[in-house]
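So the sequences go chain by chain: A and B.
Per this note's numbering, the first sequence starts with residue 399, numbered consecutively.
Per this note's numbering, the second sequence starts with residue 21, numbered consecutively.
Calculated from the structure, these hints are not laboratory results.
Glycine residues also receive a C-beta, built at the ideal position from the N, C-alpha and C atoms.
Mixed in with the good hints, there may be bad ones.
As a list, the in silico DSSO-like pairs of lysine-lysine whose alpha-carbon atoms are at most 30 Å apart [unchecked claim]:
1. Lys435/A x Lys545/B
2. Lys817/B x Lys120/B
3. Lys817/B x Lys635/A
4. Lys120/B x Lys535/A
Computed beta-carbon distance windows for the label pairs [as the list claims (entries may be wrong)]:
5. Arg305/B x Gly448/A: 35 to 41 Å
6. Phe841/B x Gly448/A: 35 to 41 Å
7. Leu162/B x Phe402/A: 15 to 21 Å
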Amino acid sequence: MNPFAYARATNLEDACQKMKAGALLKAGGIDLLGRMKRGTLHPELLVDLGSLDKMEGIDDLEGDAANQAGWDLGALLKLADLAAVDATTHPALAGLREAALNTATPQIRNRATLAGNLLQSPRCWYLHDPEVPCESKGGQGCPAMTGRNEHHAILGYDSCPVTNASNLAPVLCALDARLVYRTVEGKQEEERLHVLYTAPGKKTGFSTHRVPEGAIVTAIRIPRRDLVTAHVEIRHKKSYDWPLCSAAVALRLQEGKIAEIHCFLGSVAPTPHRARFAEGLLMGKKPGQEAFAKAAARELTQAKPLSEGAYKAKMSQLCLTRALEEAWKRAKENQR
Amino acid sequence: MMVGTWVDRRNLRLECQSHLGHLPAHLRRRTRYHLIGWFKREGVAVIREERSMSSDTLKLDEDIRGRKEEGKPDEGKESGVQRERRYVGADRPRPEAPDKVTGKTLYIHDLTRPGMLWGKIKHSEHAHARIKSIDTSRAEALDGVRAVLTGYNTPEVRIGFLRDNFALKRDKVRQYRDEVAAVAAISPEIAQQAVDLIEVEYEPLPAVFDPVEALEPSAPLIHERDALGRPREDNVLAMECGHESGDLAAARERARWIAEGNYRVPVIQQACMGTAGCIAEFDARGNLTFTGKTQIPFLAQKDFNQALKAMGLIGNNARVVVPALGGAFGTGLDTHCYEYITILLAHRTGRPVKMLMSREEEFAYLSPRQSARVHIEQGIDEDGRLTHRKIHVLQDNGAYASWGATFPTVMLLPVTSLYKVPVVHYTSQCVYTNNTYCQAMRGYGNPEVTWAIECNLDELAEQSGLDALELRKRNCNEPGEVTPMGGKVTSCGLMECLEVTGKQLAWEEKRPASQAARASDSVRKRGVGLASLIHVGGSGRIYRSDASGIILKVDDFGNVNVSYGGVEMGQGLHAALSAAIADGLGVTPDKVFINATDTATCPWDVGTHASRGAFMACNAALLSIAKIRERLLAFCAEGFAELLRKNIQTLSKKDASFEPPTIDIDAACRPDNFDILDNQVFLRDQAHEPWARVELGKVLRAMHFRQGGDMLTEPAFYDPPSDLPDWRRGIGNMSATYTYGTQGVEIEVDTETGVVTILRMVSALDCGTVLNPKALQGQVIGGIAQGVGYALYEEVKMQEGRITNPSFTDYKIPTAHEMNFPIHLHYADTYDPEGPFGSKGAGEPGLVPTAPAIMNAITNACGIRIRSLPITPEKVLAALKQR
Ligand SMILES: Cc1cc2nc3c(=O)[nH]c(=O)nc-3n(C[C@H](O)[C@H](O)[C@H](O)COP(=O)(O)OP(=O)(O)OC[C@H]3O[C@@H](n4cnc5c(N)ncnc54)[C@H](O)[C@@H]3O)c2cc1C
Ligand code: SF4
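Build out the structure end to end from the sequences listed, making use of the hints.
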């Protein structure tokens with residue numbers, strides 16, 4: 399590991415001031431330190447947010463009960479705390495709880511933070527190997543395209559088929575969550591999470607998100623609580639591993655029909671993949687099992703798996719079907 | 021009806037009404053389990069069982085015991101004395117455990133030397149390329165750098181048993197991990213920086229990564245010349261290992277059913293908790309002290325001495341010291357380039373140099389377990405008896421030869437001897453490619469081929485309609501059998517293992533029920549499966565000497581200091597050895613101190629492999645103990661009476677009510693009337709009298725501090741009764757005894773996701789007497805965890821020779837979550853005549869049959885058969901789709 403300076407931020411102001419060129423923010427450090435040790439990241443300064451306990455809570459958003467105002471989740475909320483939220487009282491958080499509960503390992507969940515999880519580096523073993531050049535690291539070409547690509551994208555990629563690695567991102571996107579952040583200039587901004595994620599590539603640059611450099615995420619805002627969510631994933635290993643595929647669904651019923659639906663797939667694309675076709679097929683309907691399966695199948699017809707990724711289309715379809723069924727079931731229970 | 025009496029090997033008397041006459045020869049020396057099985061088959065109920073100590077019942081044992089060397093101590097027989105076992109067989113914590121759990125144990129990572137430098141290696145950036153130039157000038161100019169070495173500024177140090185590898189490569193690289201340059205610097209960071217400053221110019225060469233392609237005449241040659249400089253024509257390693265017994269054509273004729281298939285296993289990593297590393301240091305006379313992770317200190321000494329010679333240090337010696345190891349699993353069976361490079365750096369700089377592998381480096385630059393492609397054909401006759409087994413193994417050796425290349429020699433054992441098979445045809449081929457070169461791992465060739473044999477047997481069962489467990493029972497090995505390779509089966513509990521596994525799995529109900537439920541439309545399907553193993557249990561002779569030496573030194577205080585050349589790497593060797601010494605000698609285990617393994621102080625040992633540690637160490641210790649007891653008791657015959665009189669005097673002074681003995685003390689001090697137990701020497705016929713026992717230390721001091729005094733230090737050298745096989749013909753009794761076992765498993769397959777969940781497992785192991793149940797439990801369950809990894813998760817993935825998953829985030833080993841199922845452990849009731857206290861080796865077997873047992877259960881559940889490991893959800897889904 400290269401030598402680097404370390405500074406512990408005492409409060410948000412302090413953290414903002416300490417951020418300068420060559421500095422990186424450290425929250426739980428799980429992703430960050432791993433990359434530094436592997437030699438793919440060389441910050442000059444680490445600004446540690448670890449002791450900012452103000453950013454570790456869940457706050458109700460202001461607003462009256464009628465408009466179903468949601469929550470601000472602190473950026474430094476631990477995944478273990480998210481895994482313990484009361485999903486019975488708040489069905490909107492059910493999927494989020496499931497996604498957090500299955501992430502990584504118990505040790506990691508006690509350390510990893512919400513913002514860190516959302517902004518973690520994408521999955522691609524070539525990206526994390528300092529010895530392998532590729533266009534995303536300033537070299538040329540993409541070894542994954544013709545090489546070992548079982549974890550790579552099957553949807554929505556351009557020249558760099560990484561996959562977004564966050565378990566929490568699909569369900570938060572489905573809840574239309576916003577990132578609230580403070581720029582280096584000290585301005586507070588709010589932007590939709592699923593808009594902030596971008597597919598890396600020649601045209602867009604090689605970042606996987608558009609959070610401005612040096613900006614500090616302070617909260618993740620879930621605007622409303624009147625949606626019901628479900629998250630389903632398939633894992634090879636139950637622990638110390640990422641899922642093979644996942645799907646998150648948020649929906650709202652009105653008079654027994656789907657009045658609003660958001661579906662996102664995880665582990666299949668450089669960003670959480672919005673399942674627009676499935677959403678379109680189900681919106682306004684009173685679907686049954688068959689319709690869910692059909693909608694999921696339609697979504698995956700666009701899959702373009704690389705040589706080792708064909709299994710993902712099938713699994714992803716299954717995750718989406720199961721997540722739709724589960725969300726539907728929960729929504730109906732919730733109506734009663 | 022008459023009453024019959026039979027006695028089992030452990031002197032258990034079984035009495036029953038019977039029409040039976042003599043005990044059939046094959047049941048002599050068998051255990052209660054076998055005897056009762058025989059009674060039952062003959063329709064006799066056992067009436068009474070009781071322990072018998074009468075000596076005439078031991079006669080049954082004579083035929084087997086007759087084989088034993090003269091004077092060799094045996095359980096309960098040392099110095100003609102019936103001895104009690106207190107520590108062997110008992111659950112006891114390991115002696116090294118307190119230091120480990122309190123963080124006091126020093127691993128190579130913790131060690132440091134004054135003035136020590138750090139080494140780092142520059143590895144190849146190509147799988148196959150000519151080295152055009154190496155520019156080290158910028159590295160040399162860096163502050164803090166003390167030496168920069170390449171193949172061009174160092175003597176040529178050849179390594180590997182085929183001498184086809186070089187510590188630092190010249191001219192050409194043949195794999196990604198090839199070492200082209202190395203640096204010693206004052207810190208690891210500076211060393212790494214310097215390595216990054218080295219510039220190497222290459223001319224890429226065509227490369228080959230598939231062993232079948234490497235066999236083609238047009239394939240690029242990995243080695244143009246052999247070690248003697250003769251031109252090579254192909255990529256096949258110059259090694260021959262095969263076997264041919266019986267008439268294959270006739271056997272095929274006889275076979276009613278034949279099953280054939282191609283099976284594959286991937287390259288996997290040993291994944292030790294403690295990564296590798298070493299420190300090399302020279303004294304002013306040019307002698308080397310090498311401290312590092314090795315399982316073969318004495319063969320390493322030989323290798324390093326050869327290197328010293330190549331370095332011009334003729335007549336100098338390498339001393340090898342082994343620190344505490346955080347697991348080895350075969351990684352320490354060969355010497356490695358990084359070790360020679362560290363030695364070269366230490367020599368060049370005149371300073372101690374340390375090299376340590378990070379996890380990623382260990383994944384990328386050390387030798388993993390070798391892959392294999394196995395073609396198998398087996399046949400059975402009308403009665404379900406095996407007619408023949410034909411196997412061809414093709415191994416991708418990678419770029420250089422290490423012990424992975426010798427897997428076919430160990431495969432010989434299961435190929436010829438797992439179940440009774442009269443006709444065996446076995447061929448093997450090992451071929452160079454530009455992949456990473458491979459070496460040993462736990463089980464060494466055995467799991468690779470057992471995967472094929474046991475899966476294929478289930479295919480035969482499926483074809484013939486015969487129950488898979490019944491098929492195995494009909495072909496089960498037995499004591500007294502001589503296998504096609506000449507393996508002499510002394511003890512064998514395989515039948516018991518099969519029966520217990522079947523019973524524990526509820527095989528008779530579940531197996532047919534699951535098969536019938538295959539067609540149901542439930543998403544989750546369950547199944548049961550099993551597989552067996554044979555492994556060397558009395559060491560494995562693969563080298564000219566298969567011996568182990570030991571020195572026991574008893575000091576003035578009754579402490580036993582042990583110098584043994586084998587390596588404790590976490591497997592529990594020291595626990596077994598200290599219990600054996602305690603029971604053998606009559607001391608408590610806390611009096612046993614086992615020294616660090618060091619070639620300067622320990623006698624020779626071939627290495628800690630082949631599950632031989634406890635078997636060899638305890639046997640050697642028992643030889644030494646016999647000599648110590650003999651000498652001690654001989655002294656007692658002269659000097660003990662004197663000590664007893666002093667004892668009596670003291671007791672009389674202390675205690676007014678003490679009544680001095682009236683017997684003739686001198687007469688009581690007969691040589692056969694002494695025994696030692698729990699650090700006390702005593703008269704056997706007065707065992708309960710306080711005056712008749714003297715603390716061992718006191719006796720030892722009396723022996724020492726007198727005119728013509730003496731102390732007890734006894735070396736012993738144990739060489740097991742086995743043969744070095746003729747590898748080409750595949751003939752020879754390679755082990756003194758063989759270990760057997762069966763594993764059974766119940767699984768559930770989610771047919772939509774392809775995910776396989778293990779519900780429970782059974783492991784029945786025949787390893788003779790269990791020396792330490794707790795330690796063995798750790799070995800077996802640890803083995804099963806590795807077996808589960810092999811079956812479902814692990815694979816070193818490569819793209820054109822480069823490893824793409826060199827870290828635990830992408831290389832999947834099972835965690836506690838994956839091991840979260842009950843495991844029923846059973847140990848067969850056997851006693852091996854050659855084993856110390858009747859025990860056989862049990863280090864490796866845990867992982868041997870796990871994968872085929874799991875696959876057989878998956879087939880039972882949903883009818884698919886996957887022939888390449890690991891069985892991932894992707895493969896399950898693909899197979900289900902094809903069905
Ligand atoms: C073995 C293993 C298995 C795993 N399995 C899973 C899994 O199943 N699912 C899953 O989702 N993840 C998984 N992970 C990833 C893990 O969850 C993430 O690494 C972790 O959540 C990152 O959070 P952190 O707080 O440690 O972030 P850090 O490592 O501290 O930071 C990550 C990134 O976010 C930036 N950052 C952090 N906080 C802020 C902030 N407030 N404002 C702006 N930028 C910020 C950092 O600068 C850095 O770039 C796994 C990791 C491992 C090692
Ligand atoms: S997927 Fe992207 S990061 Fe990975 S190798 Fe290709 S270009 Fe590089």
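query: What hint numbers does the structure not satisfy?
result: Hints 1, 2, 4 and 5 not satisfied by this model.
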